[in-house]
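K.L.:
Start from the sequences and build out the full structure, keeping to the hints where you can.
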Amino acid sequence: ETGSYNICLPAVVLGATSIERHITLDRTMYGSDQAASLEESGLKRLVRDVRMLEKVLGDGKKRVWKSELPAQKKLRHKLV
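When the letters of the sequence shown are read in order and numbered with UniProt numbering, they come out as residues 1 to 80.
Certain hints may be false.
Pair ranges (Cβ atoms, derived) [what the hints assert, rightly or not]:
| # | residue 1 | residue 2 | range |
| --- | --- | --- | --- |
| 1 | Leu43 | Leu75 | 41 to 47 Å |
| 2 | Gln34 | Val64 | 47 to 53 Å |
| 3 | Lys62 | Ala16 | 21 to 27 Å |
Keep in mind the hints are simulated off the structure, nothing from the lab. No residue lacks a Cβ here, since even glycine has one placed at the ideal position from N, Cα and C.
P.N.:
Quick look at the structure:
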């Protein structure tokens, strides 16, 4: 456990399908897990960053976007 969620992000990149994080209302409260837990703002950042990584990683399918077509026509050459 760590107060930072950054260790979760490489786990997502490596294929983690679930992440367990403790949450708290205030990390300065008394308790053994408080300092290592995420407050609401940290949880929101974690969700935002995981969603961004999901978009960046994509679905594995190769596509040619409309914006790429002019460059494709200009740069692609056929030898046969």
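K.L.:
Of the hints given before, which are not true for this structure?
P.N.:
Every hint satisfied by this model.
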